Amino acid sequence: SQTIHQWPATLVQPVGSPLSLECTVEGTSNPNLYWYRQAAGRGLQLLFYSVGIGQISSEVPQNLSASRPQDRQFILSSKKLLLSDSGFYLCAWSPGHYYNEQFFGPGTRLTVL
Amino acid sequence: QQQVKQSPQSLIVQKGGIPIINCAYENTAFDYFPWYQQFPGKGPALLIAIRPDVSEKKEGRFTISFNKSAKQFSLHIMDSQPGDSATYFCAARSGAGSYQLTFGKGTKLSVIP
Numbered sequence: 003s004q005t006i007h008q009w010p011a012t013l014v015q016p017v018g019s020p021l022s023l024e025c026t027v028e029g030t031s032n033p034n035l036y037w038y039r040q041a042a043g044r045g046l047q048l049l050f051y052s053v054g055i056g057q058i059s060s061e062v063p064q065n066l067s068a069s070r071p072q073d074r075q076f077i078l079s080s081k082k083l084l085l086s087d088s089g090f091y092l093c094a095w096s097p098g099h100y101y102n103e104q105f106f107g108p109g110t111r112l113t114v115l
Numbered sequence: 213q214q215q216v217k218q219s220p221q222s223l224i225v226q227k228g229g230i231p232i233i234n235c236a237y238e239n240t241a242f243d244y245f246p247w248y249q250q251f252p253g254k255g256p257a258l259l260i261a262i263r264p265d266v267s268e269k270k271e272g273r274f275t276i277s278f279n280k281s282a283k284q285f286s287l288h289i290m291d292s293q294p295g296d297s298a299t300y301f302c303a304a305r306s307g308a309g310s311y312q313l314t315f316g317k318g319t320k321l322s323v324i325p
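Residue numbers (the numbering used here), protein chains in the order written: chain R, 3 to 115; chain V, 213 to 325.
Keep in mind that the hints were calculated from the coordinates and are not lab data.
In this text, all values refer to a predicted model and were calculated from it rather than measured experimentally.
Glycine included, every Cβ here is placed at the ideal spot set by N, Cα and C.
It is possible that part of the hints are untrue.
As the list claims (entries may be wrong) - Some chain R residues flagged as far from chain V (calculated, every beta-carbon gap over 12 Å):
#1 S52
#2 Q75
#3 D87
#4 A94
What the hints assert, rightly or not - Taking lysine-lysine pairs in the DSBU-like style, the calculated list, with each CA pair at most 35 Å apart, reads:
#5 V:K280 x V:K217
#6 V:K227 x V:K283
#7 V:K317 x R:K82
#8 V:K280 x V:K254
#9 V:K269 x R:K82
#10 R:K81 x V:K254
#11 V:K280 x V:K227
#12 R:K82 x V:K320
#13 V:K320 x V:K227
#14 V:K283 x V:K320
#15 V:K270 x V:K254
#16 V:K269 x V:K217
#17 V:K269 x V:K283
#18 V:K269 x V:K254
#19 V:K317 x R:K81
Just chain V, with the same shape it has in the complex:
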């Protein structure tokens, strides 16, 4: 119930491609869904986040799509660049007042020049 299942585990795309990372959950109490980007040896950085009352959110080349009925959300990276090569984590918060985020296991993205 508390899990967030993230796929794929790893992803290789050509420069300019559109990698898509998917996450699925079961807990309908989740009400906030952030994505984090982590470079090797660094802490994760908050990239973009969405609430379940919104179906899509864009920030620059990053887009979150959210399907509440399917309990799925995904991250799209438009015009991907080698500098986007990193590990991406989705997460979910279990309701108002919760202090905890449940993280997916991460997707290692490699963008080939």
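Chain R with its partners taken away, still in its complex shape:
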């Protein structure tokens, strides 16, 4: 069966510091991968998605970036965090077939102080 991991689970960072969040998927190959952000009490905002190694599509211009160095690894980064980057970051994967059901990871709670 497929499993999606995210780490760290919780992170507190000062404004201006760098960020690296990691997501890995097990039990599947060639998944589509996604990064979402969820602000407190809000819906899900798609940040990036990737259909293959090195292929990244950005949905929202901001100071975040994403990379996919390996087939089942997706990384969310920032060089300098802003207060507004605080939120719940979710990685998701989909199998890439017709209906592309998306399955979410456990999330990372990021607080920027």
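Chain V: place on chain R using the hints.
This is chain V only, laid out in the frame that chain R set:
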């Protein structure tokens, strides 16, 4: 055009009641409609999904009703339990080959014992 409007924002029902969450859309290219359940501090979990060629789908106590002409779909939870207390999100995919889901803003459901 790309929005999915979800209502109500919050819902309180007694145990055994049947909460109903509604979603409406404008984009007729949407062709796949999943519902997600999210508990506090966790990632959303795929609950049930429907295609527009089907008017109703049941999985256990969860039922999706779909009205293609009205461009509306809803989630019913039969015999609701306190353990169903969570935030529910509807979503829609914009056509074959699309990698993106458009999410509603969520409904926080509380089931009172």
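Legend entry - Hints that the structure is at odds with (numbers, increasing): Numbers 1, 4, 9 - these are the hints that the structure violates, sorted from lowest upward.
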